[in-house]
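There are 2 protein chains.
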Amino acid sequence: MKKISIGLIGLGNIGTGVVKLLQQNEKLITQKLGARLVLKKIADINITSPRGIKIDRSLLTKDARDILNDPDISIVIELMGGYEPARTFVLEAIQNGKHVVTANKAMLATYGNEIFPAAQHRGVDVGFEASVGGTIPIIKTLKEALVANKINSIVGIMNGTCNFILTKMTDEGKPFDVVLKEAQDLGFAEADPTFDIEGIDTSHKMAIVLSLAYGKKVNLKKIYLEGITKISALDIAFAKELGYRIKLLAIGMLKGEAVEARIHPTMIESEHLLANVNRNYNAFHLVGDASGPVFLFGQGAGMMPTASAVFSDIIDCARNVLHGISGRVPLRSINETGMKDIRLIPMDDIETKYYFRFSVLDRPGVLSKISGILGRHNISLATVIQKAREEAGPVPIVMTTYKAREKDVREALKKIDRLDVVKDKTVIIRIEDEL
Amino acid sequence: MKKISIGLIGLGNIGTGVVKLLQQNEKLITQKLGARLVLKKIADINITSPRGIKIDRSLLTKDARDILNDPDISIVIELMGGYEPARTFVLEAIQNGKHVVTANKAMLATYGNEIFPAAQHRGVDVGFEASVGGTIPIIKTLKEALVANKINSIVGIMNGTCNFILTKMTDEGKPFDVVLKEAQDLGFAEADPTFDIEGIDTSHKMAIVLSLAYGKKVNLKKIYLEGITKISALDIAFAKELGYRIKLLAIGMLKGEAVEARIHPTMIESEHLLANVNRNYNAFHLVGDASGPVFLFGQGAGMMPTASAVFSDIIDCARNVLHGISGRVPLRSINETGMKDIRLIPMDDIETKYYFRFSVLDRPGVLSKISGILGRHNISLATVIQKAREEAGPVPIVMTTYKAREKDVREALKKIDRLDVVKDKTVIIRIEDEL
Numbered sequence: 001m002k003k004i005s006i007g008l009i010g011l012g013n014i015g016t017g018v019v020k021l022l023q024q025n026e027k028l029i030t031q032k033l034g035a036r037l038v039l040k041k042i043a044d045i046n047i048t049s050p051r052g053i054k055i056d057r058s059l060l061t062k063d064a065r066d067i068l069n070d071p072d073i074s075i076v077i078e079l080m081g082g083y084e085p086a087r088t089f090v091l092e093a094i095q096n097g098k099h100v101v102t103a104n105k106a107m108l109a110t111y112g113n114e115i116f117p118a119a120q121h122r123g124v125d126v127g128f129e130a131s132v133g134g135t136i137p138i139i140k141t142l143k144e145a146l147v148a149n150k151i152n153s154i155v156g157i158m159n160g161t162c163n164f165i166l167t168k169m170t171d172e173g174k175p176f177d178v179v180l181k182e183a184q185d186l187g188f189a190e191a192d193p194t195f196d197i198e199g200i201d202t203s204h205k206m207a208i209v210l211s212l213a214y215g216k217k218v219n220l221k222k223i224y225l226e227g228i229t230k231i232s233a234l235d236i237a238f239a240k241e242l243g244y245r246i247k248l249l250a251i252g253m254l255k256g257e258a259v260e261a262r263i264h265p266t267m268i269e270s271e272h273l274l275a276n277v278n279r280n281y282n283a284f285h286l287v288g289d290a291s292g293p294v295f296l297f298g299q300g301a302g303m304m305p306t307a308s309a310v311f312s313d314i315i316d317c318a319r320n321v322l323h324g325i326s327g328r329v330p331l332r333s334i335n336e337t338g339m340k341d342i343r344l345i346p347m348d349d350i351e352t353k354y355y356f357r358f359s360v361l362d363r364p365g366v367l368s369k370i371s372g373i374l375g376r377h378n379i380s381l382a383t384v385i386q387k388a389r390e391e392a393g394p395v396p397i398v399m400t401t402y403k404a405r406e407k408d409v410r411e412a413l414k415k416i417d418r419l420d421v422v423k424d425k426t427v428i429i430r431i432e433d434e435l
Numbered sequence: 001m002k003k004i005s006i007g008l009i010g011l012g013n014i015g016t017g018v019v020k021l022l023q024q025n026e027k028l029i030t031q032k033l034g035a036r037l038v039l040k041k042i043a044d045i046n047i048t049s050p051r052g053i054k055i056d057r058s059l060l061t062k063d064a065r066d067i068l069n070d071p072d073i074s075i076v077i078e079l080m081g082g083y084e085p086a087r088t089f090v091l092e093a094i095q096n097g098k099h100v101v102t103a104n105k106a107m108l109a110t111y112g113n114e115i116f117p118a119a120q121h122r123g124v125d126v127g128f129e130a131s132v133g134g135t136i137p138i139i140k141t142l143k144e145a146l147v148a149n150k151i152n153s154i155v156g157i158m159n160g161t162c163n164f165i166l167t168k169m170t171d172e173g174k175p176f177d178v179v180l181k182e183a184q185d186l187g188f189a190e191a192d193p194t195f196d197i198e199g200i201d202t203s204h205k206m207a208i209v210l211s212l213a214y215g216k217k218v219n220l221k222k223i224y225l226e227g228i229t230k231i232s233a234l235d236i237a238f239a240k241e242l243g244y245r246i247k248l249l250a251i252g253m254l255k256g257e258a259v260e261a262r263i264h265p266t267m268i269e270s271e272h273l274l275a276n277v278n279r280n281y282n283a284f285h286l287v288g289d290a291s292g293p294v295f296l297f298g299q300g301a302g303m304m305p306t307a308s309a310v311f312s313d314i315i316d317c318a319r320n321v322l323h324g325i326s327g328r329v330p331l332r333s334i335n336e337t338g339m340k341d342i343r344l345i346p347m348d349d350i351e352t353k354y355y356f357r358f359s360v361l362d363r364p365g366v367l368s369k370i371s372g373i374l375g376r377h378n379i380s381l382a383t384v385i386q387k388a389r390e391e392a393g394p395v396p397i398v399m400t401t402y403k404a405r406e407k408d409v410r411e412a413l414k415k416i417d418r419l420d421v422v423k424d425k426t427v428i429i430r431i432e433d434e435l
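Quick note, the sequences are listed as chains A and B, same order.
The first sequence lines up with residues 1 to 435 when you count with our numbering.
The second sequence lines up with residues 1 to 435 when you count with our numbering.
Please keep in mind that the hints were generated in silico from the structure rather than gathered at the bench.
Warning: the hint list may mix true and false statements.
Pairs involving identical chains hold if they fit within one copy or between any two copies, as the list cannot separate such chains.
Listed below are the simulated DSBU-like cross-link pairs for lysine-lysine, each with C-alpha atoms no more than 30 Å apart in a straight line [unchecked claim]:
#1 K353 - K62
#2 K54 - K353
#3 K415 - K425
#4 K414 - K2
#5 K340 - K3
#6 K216 - K423
#7 K54 - K230
#8 K221 - K174
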């Protein structure tokens with residue numbers, strides 16, 4: 001039986017999962033591949049800490065170059081994360097003619113336009129199923145299953161931490177800060193949660209997904225981004241009353257030749273499949289021009305679910321090694337040569353429905369002043385909720401709109417927020433009820 | 001630019017969708033494949049009826065052998081359906097060294113053990129993504145994405161007609177016959193609906209899915225099968241009261257080295273993702289030992305959604321043609337040589353929870369008689385619903401159980417149904433609330 005040697009760089013949580021899964025299901029994997037995968041070397045700066053699994057100590061090295069320069073190793077698995085030296089190692093692996101499997105979304109979203117062309121040029125594959133959506137086969141679905149479709153829309157819940165927090169806020173009515181603390185205690189949020197709750201992690205994943213869905217280069221920084229830190233228990237309660245749930249959605253929509261790409265807290269109808277993605281799960285809702293809606297759901301992170309996705313790529317690469325081929329499926333859906341920049345629609349120009357929560361003094365004429373400004377900016381109201389005052393001070397007025405242009409909304413709110421009866425910055429949450 | 005010639009046998013609904021999709025997205029498909037797909041010939045017994053699309057008449061032939069014997073054609077798409085001559089044509093295509101793409105679940109479930117080994121032996125691929133779950137990439141997910149997982153369970157809603165009927169019965173409280181008629185009028189059910197409503201179509205798909213999930217040969221006839229014809233509006237109402245929805249589920253569960261395989265109407269918790277698969281949609285809920293739960297949803301049938309799946313296979317085969325390879329991914333997850341028979345657990349031996357609806361005369365001691373018999377057969381009750389009598393004649397008593405063995409349940413019910421206070425055959429619906 002043939003054998004294929006692989007090397008692992010990064011023995012953290014996911015790396016340990018990969019070793020564990022190979023040990024656990026080696027027979028099954030060998031049977032499906034028709035060859036034996038041999039994990040020849042594991043590199044990590046820390047080779048002494050216990051990982052809760054048996055590892056032959058002779059496999060361990062502190063020097064990633066023991067893997068990168070080993071001519072026997074044909075697949076390098078990069079699971080160290082971060083930008084450097086991950087980028088350098090991946091580029092070296094490529095230069096040395098090795099296939100690469102990685103879960104490193106930050107690196108790919110930032111240096112993809114360097115890494116993918118280098119890999120295609122050198123004739124090696126780069127697998128990155130684990131970089132987005134954990135165990136969910138979103139990469140394979142975009143590159144292979146829906147290959148003949150124009151992707152009219154792709155909407156994702158791509159960050160388990162945010163989704164966990166929003167679910168708990170919704171189910172338990174608790175404020176953001178309290179739930180964030182609970183998420184941290186449970187290990188669902190980092191000590192410094194900025195990367196997750198400000199949506200940065202989601203933007204990395206979205207950049208990758210968009211590049212595959214449209215076969216275009218994506219500039220990460222041009223994706224509109226709003227995190228979940230401003231979501232209050234009050235808005236969640238109003239959302240419920242309106243029949244919505246609030247989720248941090250990454251939204252990509254094809255409009256002619258251009259694409260709307262935006263990440264923000266979003267109200268969606270409470271019966272929608274995406275609204276029922278709870279806790280730390282991830283999900284994707286795609287609409288292809290032929291396929292119609294397709295919905296994929298699973299664990300977006302975690303040791304074994306992510307290891308499962310890493311193995312999907314390892315086996316894919318190993319199959320290519322066995323047949324002596326590469327580039328069978330273009331790395332980012334189409335040939336890297338001549339891949340164009342995606343044309344993103346400026347945020348000012350998007351049109352959607354809106355939820356506004358105004359904090360106003362309960363005085364005669366307030367409603368008419370606000371709705372007057374909105375009307376003059378072509379914003380039509382769908383619903384208005386004004387509750388009887390229970391205490392002194394500002395009261396909330398909630399309005400939802402029909403489709404309006406983002407630029408008009410911003411200009412109207414700027415004027416409204418300057419009114420002396422308006423006591424706080426108006427809360428805006430976009431509504432998507434046509435997904 | 002290279003070109004790859006393909007031939008289509010069967011210009012019905014799906015076949016027309018394939019031609020249409022190639023016309024509609026030719027540029028996109030060419031760009032992703034890096035080669036041109038040329039539809040060289042189309043065979044159908046009826047080449048005169050209009051299909052609502054432009055087709056060059058010179059492509060049309062009544063003789064499938066014009067395709068099967070054309071040395072220029074490397075991929076044959078079989079979309080005629082049925083057992084024969086589909087089987088013969090597919091085997092001929094294989095013998096002539098052509099890759100085959102098919103949506104024909106009946107043929108594959110029945111003759112798979114002949115077709116797949118022949119294809120592997122001849123060194124060609126057989127793509128069948130469209131045979132199960134329409135546009136949902138369930139085949140690719142089982143064979144590739146979850147390749148390193150033991151599949152602990154796979155549960156599917158695989159028949160849109162049944163799901164449409166059950167959804168309408170649930171939402172509108174109407175009886176089966178009325179809803180079936182409506183489904184027929186809307187084109188969601190055939191004039192002779194037996195194949196769908198008795199679960200036969202689901203059993204074909206389940207046989208295919210199980211063979212991939214476990215890399216084993218499956219004898220279609222050994223899958224336990226119950227259709228939806230006995231589901232009443234009354235049971236649907238009781239299900240609602242108990243917090244459940246009734247779906248026709250195909251359930252595969254790994255138990256040690258053996259597999260439970262059963263298709264029957266099932267009560268599932270109304271919050272479960274599967275319970276929220278409505279109308280004619282299909283879905284799969286898988287649990288891999290590494291991945292954890294994965295849920296996939298989409299259109300299980302229809303012209304364009306199915307054509308999308310057919311194209312996923314066409315492009316996969318075309319990529320293999322471009323690289324001069326075949327057998328990159330084993331046809332049914334593992335090498336055909338030495339593929340063993342799946343070991344299915346006899347239905348008598350399964351353990352699950354049950355819903356019973358007894359039709360009894362409202363007399364003292366009835367409840368005690370019934371529960372006494374259940375108790376003597378090791379069946380413990382979870383809930384009992386007995387309503388006040390509203391009219392003369394039998395009244396329903398509903399019970400749900402904790403886990404019990406199917407054999408015990410059958411024996412107990414045989415005795416209960418012989419009691420003279422029991423006026424109708426007791427209704428059994430299995431409950432799965434641990435999916």
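Each hint, compared with the structure:
When the C-alpha separation of K353 and K62 is checked against a cutoff of 30 Å, the pair qualifies neither within a copy, at 54 Å, nor between copies, at 53 Å. In this homomeric assembly, K54 and K353 never come within 30 Å of each other (Cα to Cα): the closest approach is 55 Å inside a single copy and 40 Å across copies. For the identical chains of this complex, K415 and K425 are intra-copy neighbours only, at 11 Å inside a copy versus 71 Å across copies, given an alpha-carbon limit of 30 Å. In this homomeric assembly, K414 and K2 never come within 30 Å of each other (Cα to Cα): the closest approach is 68 Å inside a single copy and 57 Å across copies.
For a Cα distance limit of 30 Å, the shortest separation of K340 from K3 across copies, 24 Å, qualifies, whereas the shortest one inside one copy, 39 Å, does not. In this assembly of identical chains, K216 and K423 lie within 30 Å of each other by CA distance neither inside one copy nor across copies; the values are 44 Å within and 68 Å between. In this assembly of identical chains, K54 and K230 lie within 30 Å of each other by CA distance neither inside one copy nor across copies; the values are 45 Å within and 54 Å between. Taking the shortest Cα distances, K221 and K174 never come within 30 Å of each other, neither inside one copy (32 Å) nor across copies (53 Å).
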